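Student: Those sequence lines, one after another, are chains G and B. Numbering-wise (my numbering), the first sequence opens with residue 1 and increments by one. Numbering-wise (my numbering), the second sequence opens with residue 1 and increments by one.
These aren't lab readings, by the way, just hints derived from the structure by calculation. Errors might be hidden in some of the hints.
The calculated EDC-like cross-link candidates involving lysine to aspartate or glutamate, where the alpha carbons are at most 20 Å apart (straight line), are [stated by the list, open to error]: (1) B/50 to G/73; (2) G/4 to B/117; (3) B/124 to G/23; (4) G/38 to B/178; (5) B/159 to G/15; (6) B/123 to B/170; (7) G/45 to B/158; (8) B/17 to G/23; (9) B/175 to G/42; (10) B/62 to G/127; (11) B/58 to B/117; (12) B/124 to G/73; (13) B/123 to G/48; (14) G/45 to B/143; (15) B/162 to B/174; (16) B/162 to G/23; (17) G/45 to B/117; (18) B/162 to G/17; (19) B/162 to G/42; (20) B/159 to G/17; (21) G/20 to B/128; (22) B/18 to G/63; (23) B/175 to G/22; (24) G/7 to B/158; (25) B/162 to G/63; (26) G/45 to B/128; (27) B/50 to G/63; (28) G/7 to G/73; (29) G/8 to B/158; (30) G/4 to B/128; (31) G/8 to B/120.
No experiment lies behind these values; they were computed from the predicted model shown.
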Amino acid sequence: MDCKRIKKMFSSYIDKELTKHEEDIFNRHISSCQECRKSLREYEKSWEMLSAWGGISPSPGYESRFWTRLTTEPKLREKFYGKVMDIIRPKRLVYVFTTALLLFLLINAGMYKYNELQARNMLINLDEEEWGMLEDYDLLAHLDTLNGTEKIQ
Amino acid sequence: MLDFQKGNASSFEALLKKYFPLVQNFIYRYTANRSLAEDLTQEAFLRVYKSAPTYRPKALFKTWIYTIARNISINEMKRKREVSLLDEPVTFEGEKIQRQIEDKKTEMQDESLMRHETAEAVKKAVMELPERQRVAIILRRYEDFSYGDIAKTMRISEKAVKSLLNRARENLRDKLLDVMEM
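Sequences and hints are given; from them, build the entire structure.
Tutor: Now the structure itself:
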């Protein structure tokens with residue numbers, strides 16, 4: 001077996017995960033190949049070195065801190081209401097209403113201007129006959145009809 | 001876990017006692033941040049506690065809690081990507097070793113300094129591994145997981161675990177070669 005394939009077995013060898021057959025082949029190669037022997041020693045050494053990075057222990061009272069957190073942790077529904085309240089809390093409410101009012105006024109002003117322009121365009125485009133009809137039309141008498149309600153006789 | 005699901009509260013306490021230190025160590029080695037480790041471990045157990053009513057024993061509790069811990073850690077690391085991971089002093093056998101080490105001449109202190117340097121080099125090497133290799137190495141080296149349990153925790157095949165560990169070991173060897181005493 002070549003060195004490349006043997007090197008792929010290093011990890012399994014260290015973990016004792018090779019089959020008996022694989023181990024025999026591996027050992028035969030290692031005993032005859034100085035290069036692989038050196039590499040294997042480096043793999044093993046670096047694996048041993050990992051123990052230098054020690055672990056940590058939970059700090060005292062970790063269990064009680066967990067139970068406290070469990071009871072104080074807001075539930076999903078509370079979290080949702082919290083988000084909603086964040087949006088509509090008084091300070092922000094002022095901005096929301098001011099923006100809404102400005103938008104309302106702008107839209108109304110726009111609509112008024114648009115209607116006025118429409119009426120002006122209509123009058124400009126009237127021909128002579130239509131002007132005559134308009135002059136003959138008694139606006140005051142037909143006020144209710146123009147408003148959409150029939151005058152009760 | 002099944003006992004706890006049936007309403008036995010003391011079962012959860014037993015799980016907490018047994019697995020909290022292990023999971024905390026896993027997260028500590030994943031994030032290299034001691035204070036974050038306890039916080040995220042609490043988060044992992046909160047998830048376990050809350051998902052107890054819907055828990056189905058498809059996998060071992062051990063592999064399940066480590067999967068949760070890994071997911072929480074991944075999310076946290078994404079959130080805090082800008083924060084340097086190597087700011088915390090390394091700990092050695094539970095004792096904090098400060099970054100600034102005075103020049104002490106006794107044999108004991110030299111040894112301590114060497115161990116500290118090795119620990120720093122190891123920590124840096126592990127943290128520089130790609131995420132999947134790092135998880136595989138931590139589970140195998142520090143948590144003593146079998147290939148099968150690593151595969152279940154990481155949701156990959158055992159063959160993939162073998163390959164990950166081999167690449168991780170190769171990387172570690174390359175990174176630690178300078179501090180290695182042969």
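Student: Verify the proposed pairing of residue 62 of chain B with residue 127 of chain G, using a straight-line Cα cut of 20 Å.
Tutor: Not OK: residue 62 of chain B and residue 127 of chain G at ~91 Å, beyond 20 Å, violated.
Student: For the pair supplied as a hint, residue 162 of chain B and residue 42 of chain G, is the alpha-carbon distance within the 20 Å limit?
Tutor: 19 Å, holds
Student: Under the criterion that the straight-line Cα-Cα distance not exceed 20 Å, is the pair residue 124 of chain B, residue 23 of chain G satisfied?
Tutor: With a Cα-Cα distance of about 33 Å, the restraint between residue 124 of chain B and residue 23 of chain G is violated, given a limit of 20 Å.
Student: Would the pair residue 162 of chain B and residue 174 of chain B pass a check requiring their Cα atoms to be no farther apart than 20 Å?
Tutor: Given pair residue 162 of chain B, residue 174 of chain B holds - Cα atoms ~19 Å apart, limit 20 Å.
Student: Between residue 162 of chain B and residue 17 of chain G, does the CA-CA distance stay at or below 20 Å?
Tutor: 9 Å, holds
Student: Does the structure keep residue 50 of chain B and residue 63 of chain G at a Cα separation of 20 Å or less?
Tutor: Roughly 16 Å between the alpha carbons, so the hint for residue 50 of chain B and residue 63 of chain G holds.
Student: Need the status of pair residue 45 of chain G, residue 158 of chain B: alpha-carbon distance at most 20 Å?
Tutor: 25 Å, violated
Student: Need the status of pair residue 38 of chain G, residue 178 of chain B: alpha-carbon distance at most 20 Å?
Tutor: Since the Cα atoms of residue 38 of chain G and residue 178 of chain B sit roughly 15 Å apart, the hinted pair holds (cutoff 20 Å).
Student: Please work out if residue 4 of chain G and residue 128 of chain B have their alpha carbons no farther apart than 20 Å.
Tutor: 25 Å, violated
Student: Holds or violated: are the alpha carbons of residue 123 of chain B and residue 170 of chain B at most 20 Å from each other?
Tutor: 16 Å, holds
Student: Measure nothing beyond the straight line between the CA atoms of residue 159 of chain B and residue 17 of chain G; if it is 20 Å or shorter, mark the hint as holding.
Tutor: Given that 20 Å is the threshold and the Cα spacing comes to 12 Å, the pair holds.
Student: Between residue 8 of chain G and residue 120 of chain B, is the straight-line Cα distance small enough, at 20 Å or below?
Tutor: 28 Å, violated
Going through the hint list in order, the structure does not satisfy hints 2, 3, 7, 8, 10, 11, 12, 21, 23, 25, 28, 30 and 31.
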